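Given chain A, put chains B and C in place with the hints provided.
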Amino acid sequence: MIDASLTPAVEEAALPRRRGRRFGGVATASLLWLVFVALTCALGPFAIHANPNATDVAAAFAPPSARHWLGTDDLGRDELLRVLVGGRVTIAVGAVAATVAMIIGSVYGAFCGYYGGWIDALLMRAVDVFMSVPTLFLLLFLAAMFHGNIVTLMLVIGVTSWLGPARLVRGDILSLKERPYVEAARSMGATDARIIFRHLVPNAFGTIATTTTFMVAGAMLAETALSYLGIGVRAPTPSWGNLLSGAQSYIFARAYWLILPPGLAILLTVTALNFVGDAVRERSNDAVGST
Amino acid sequence: MILRRMLATFALLVACSCGARTAETRNPNAVICAWIAGPDGFDPFATIGSAATMAEDLIYTPLIDIGPNLLPSWRTSLAYRVDVSDGGTRYVLHLRHGVRWSDGTPLTAKDVAFTIRLGTNPGLLHGVSADFALMRSVLAIGRHTVEVRLARPSPPFLVNALGEIKPLPERLLGRYPPDTQREAAFVNTDTAFSQHPVVSGPWRIVRNVPDAYLILAPNPSYWGPKPYIQEMVFRVYPEQDSLFAAVAAGEVDVTDIPPNLWRVRDRLPGNHRFISWPWNVTFILLPNYRDPAISWIRDPRIKRAMMYAIDRSFIVTHIMSGQADVLNGPIPTFSPYYDKALPRYSYDPQKARALLDAAGWRMHGDVRMKDGRVLRITLKTGGATDAVANDVAELIQANFKAVGVDCRLENEELQTFFSDVNASRFQLALRGNILSPYPDDYKWYDSAQTRANGGYNFGFYRNARVDAAIESARTAPSLPASRTDLDRYQQLAARDLPALYLFSNRLGAVVPSHLTGYELDPDAPAALPMGLQFWKLTRPRG
Amino acid sequence: MLAIPTLVGVTILTFALLHIAPGGPALALAGDRATPAQLQHITHQLGLDRPWPQQYGAWLWELSHGNLGFSYSRQATVVSLIEERLPQTTLLMGSALLISVLLAVPLGVWQAYRRNSTLDRIASVVVFLAWSMPTFWFGTILIAIFAVQLRWLPVGGLQTIDTAGFDWPSRIAHLILPTTTLAIVSLAGWSRYIRGSMAEQLGEDYARTARAKGLGMRAVLFHHVLRNALIPFITLLGATVPALFGGAVITEQIFAYPGMGQLFWQSAVDRDYATLLGMTVITGVLVVLGNLLADILYAVVDPRVRYD
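Taken in order, these protein sequences are the chains called A, B and C.
Under our numbering, think of the first position of the first sequence as 1, with each following residue one higher.
Under our numbering, think of the first position of the second sequence as 1, with each following residue one higher.
Under our numbering, think of the first position of the third sequence as 1, with each following residue one higher.
These aren't lab readings, by the way, just hints derived from the structure by calculation.
If you're wondering where the values come from, they're calculated on a predicted model, not measured in any experiment.
Quick reminder that beta carbons are idealized off the backbone N, C-alpha and C, glycines included.
One or more of the hints may lead you astray.
Simulated DEER-style distance windows between Cβ atoms [claimed, not checked]:
no.: 1; chain 1: B; residue 1: V367; chain 2: C; residue 2: E62; range: 49 to 59 Å
no.: 2; chain 1: C; residue 1: A37; chain 2: B; residue 2: R152; range: 48 to 58 Å
no.: 3; chain 1: C; residue 1: Q149; chain 2: A; residue 2: L264; range: 15 to 25 Å
no.: 4; chain 1: B; residue 1: T105; chain 2: C; residue 2: W61; range: 39 to 49 Å
no.: 5; chain 1: A; residue 1: D120; chain 2: C; residue 2: W61; range: 52 to 62 Å
no.: 6; chain 1: B; residue 1: R207; chain 2: A; residue 2: G117; range: 51 to 61 Å
no.: 7; chain 1: B; residue 1: D348; chain 2: C; residue 2: Q149; range: 45 to 55 Å
Partial chain C-side listing against chain B, Cβ under 8 Å, derived [as the list claims (entries may be wrong)]:
no.: 8; residue: L29
no.: 9; residue: V148
no.: 10; residue: D162
no.: 11; residue: R208
Chain A on its own, in the form it takes in the complex (with noise of 0.2 Å):
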């Protein structure tokens, strides 16, 4: 079985490496959804003309109809309102927590790569033992100490986030720094830092843009993992992990239309991001060449 399924896969390889890649059906169909899942949340509130954390309690529980689309939580209040502010938080989340988490990361891991020698044996160190902090403790620190708002979580995220980042990046610049461009743009007289942000940042965004698609899949779980210890976006303010873990207890209640609806958001979204991710990551390498 094995030998007669190599073939094709040996001899693809074996092809010359330009392959016009296209952005297979999986990929394109994610980035579908995502752009689906983006204007919905962006837009979507405005269309339903109610206060996402209006209570009607006499209402409560109730499954999805006519007038409440995807039913009533246990305070009354419309979830697909919930579920659609709650992504424009979690999206928000994700996004400026990978947006953080990129910048300092792209920036601590070009300087390191770039430099090398002592000042990168010494900050990789630094990446070291910043790794070995317990990270779930610092979020509760952190949590705990600036009274949880978005913002903070936000920045909280990103900032625990930047350590894989700068390696990649970091081992990127490492092998752009040999180019000869590098070594016609110092003799020109280039300075160090003209040479890495307008050179080697940009060469290496294959890299970044698809580590970031990453980050903001794994940001969006991280809020999910954060809310449900209770640390992460709170009470009334909605986002996908807040309305998740809120509603497990009504797992008995069989009250399907709260759990399932935030669960299979992130879901979808989170894979959404991955498989665009990929197929970026596939689309730079091949851009690049070998490696």
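For chains B and C alone, coordinates are given in the frame of chain A:
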């Protein structure tokens, strides 16, 4: 190939082990209880937490056992009689004869006197109630009598102070001079006793695996009625939903049901009975009277308006699924000390608005203003995972909004919340107070009992008349005499509102339908039915 | 070796954070009914009123004598707490890792061969879906189906209660659900990595040359391609060492599994400084050892690697 073999082995192992699932315990006559956190030890002076307190209630004989009516239950107490004389300043405790520790040594007055004295050591992690400050002397007279003298009479002393004492063996713990830091340090860190105590109560510890389970069995050297159940297991499930799932899966027989799960209790399969009983606790909104931003809170009219504005019965019915009783004052309605003539605050937003208008706060758009100030307050809650507290806070916010009070919500992580309340960093805090058996609010609302002076008056409430009422109640010469003063305190509190009284939670639990003999104790530390030594299974579990 | 300064750095950082965090251990231990006098006494007893550097120095001194401190909130020495929990967590995480890798490697290899076929696409979708599930959601669903509905497996715990010692069948039964939760979620990462790595190796010159030379497919596969693909994989494994000892907080919480993760979280919530610091040190030491091991393995597997 190798992979396939490994998968096969794995599948075989899985198949074998599925059979093991059906018996979480091998004993069909065991009763399995469960809680969210296990006991951190068994030394009452070094442990905190409801599980530890409950375990200690089971393994030690209490000096004075408090019964379901918040009064002494002599049948299960070490002291079978207490004589109060000298105008309420002299207590003579008569101890039972023939009580032994599990290592065979007799439990005597020496142990009782030692424990009482030990509890007043300020270096202990968990000393005894502050009412012991009144104590002038404690003496062991012979082997079975203890005499305690107070500086002045104190009706709460018997149940609040002596009721907390679980005598500990002086032989093992009395190593250092009394009342010293060395003694405190020793007791705080004595793992040997804390993890493997010598017991005197109806139950003994068979095995304790921290954060996993605790197994108790009847104590053969117990002086009193022997338990019927031969094995009591307490399992730890840190996650409330998993705990509920365990009941549904038949792994757990007895556990508590929090209010947010009360509405789905009938979805649990199997043969269960759901019981609910009053809890000696009050949930209140505590204002901070020293915060200049909300100085208007000192006006009782505004507080009364807020009481009329909050639809507490609605909260009780819909959020707590009926598992609470609306409070009319500082003492819950089921308590024997409750003043039945107390006026009630109905839900009346019209009246609330009228009161606010009369106090000079006029509507400007959505909120009320007076002299350029907005009627705005921040409501602080602790613990993000407490669904009920958060829901209650949101409803209160909505209620306030309807009458023009702008309320912001702030939720803190639990320890941060405690430290904020302790340091009076709040405007309005939603909190629960577990009351002592005799409802003495001295430390909570007396003007002099601020944090700095050792009290719990976090909100800096000051009212001389309330002070006087509380003082006379707690220094009355006898319990009946103090009741009149308590009534007066309740009347004053209902009018002046040191805090906004919301409701008193009830406790809820699930028990197997073939379990009998349990007692529903408003003082139950772990929200489980008590009287475990009287529990009986009418047929084996399983 | 740079390990020691790293460890020291970590402990200093943790120490500093602990002391800035609001709500210290004295209040958490004594509860909010404690009088200020009592809190003062306890703070003094715990040594928290000394200046930080002095506290840190004292802690280091104790550490050098093998004393990790005393956990007041649990009435036990930190060493005994960790001794109890470390094996449990290692068992759980180790099993999850093992299963995850055992499933991921064949899956990744297979996907590399059938790259971009329909089956590969479907497998990718399934794998990504698994990767994207919040652990607590997945765990709760597993409990609802297998423990509550079907009653095949227990909801939580370590093993059957009244058996002392290590009861294998019961242990395995209790491990299945939490291990599955952890393994499924991390499966994706490994299999994607192997898939990419394998495909890359398959496209390398040596692989094509070997094929062209007529060596049997199996030989090409097992002796060269897989080995080369696994080299970076091993260093990746090294990066998961912290998790082996740190545990998974949420999974342990849901399945009532008393391991390091749960201890860590509970200590953080209770502000149990001694335990937190102790766990940080132990975890740090183990992480360093684990990385060392990964480096050694790397050198063994790839004879071209040298350490200067």
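How the hints compare with the structure:
1. V367/B to E62/C: 49 to 59 Å: holds (57 Å)
2. A37/C to R152/B: 48 to 58 Å: This hint is violated: roughly 21 Å between Cβ atoms.
3. Q149/C to L264/A: 15 to 25 Å: Holds, at about 20 Å.
4. T105/B to W61/C: 39 to 49 Å: Holds: the Cβ-Cβ distance is about 40 Å, inside 39 to 49 Å.
5. D120/A to W61/C: 52 to 62 Å: violated (34 Å)
6. R207/B to G117/A: 51 to 61 Å: holds (59 Å)
7. D348/B to Q149/C: 45 to 55 Å: Since D348/B and Q149/C have Cβ atoms about 48 Å apart, the given range 45 to 55 Å holds.
8. L29: holds (5 Å)
9. V148: holds (5 Å)
10. D162: Since chain B brings a Cβ to about 5 Å from D162/C, closer than 8 Å, the hint holds.
11. R208: violated (27 Å)
Going down the numbered hints, you'll see the structure goes against 2, 5, 11, while the others check out.
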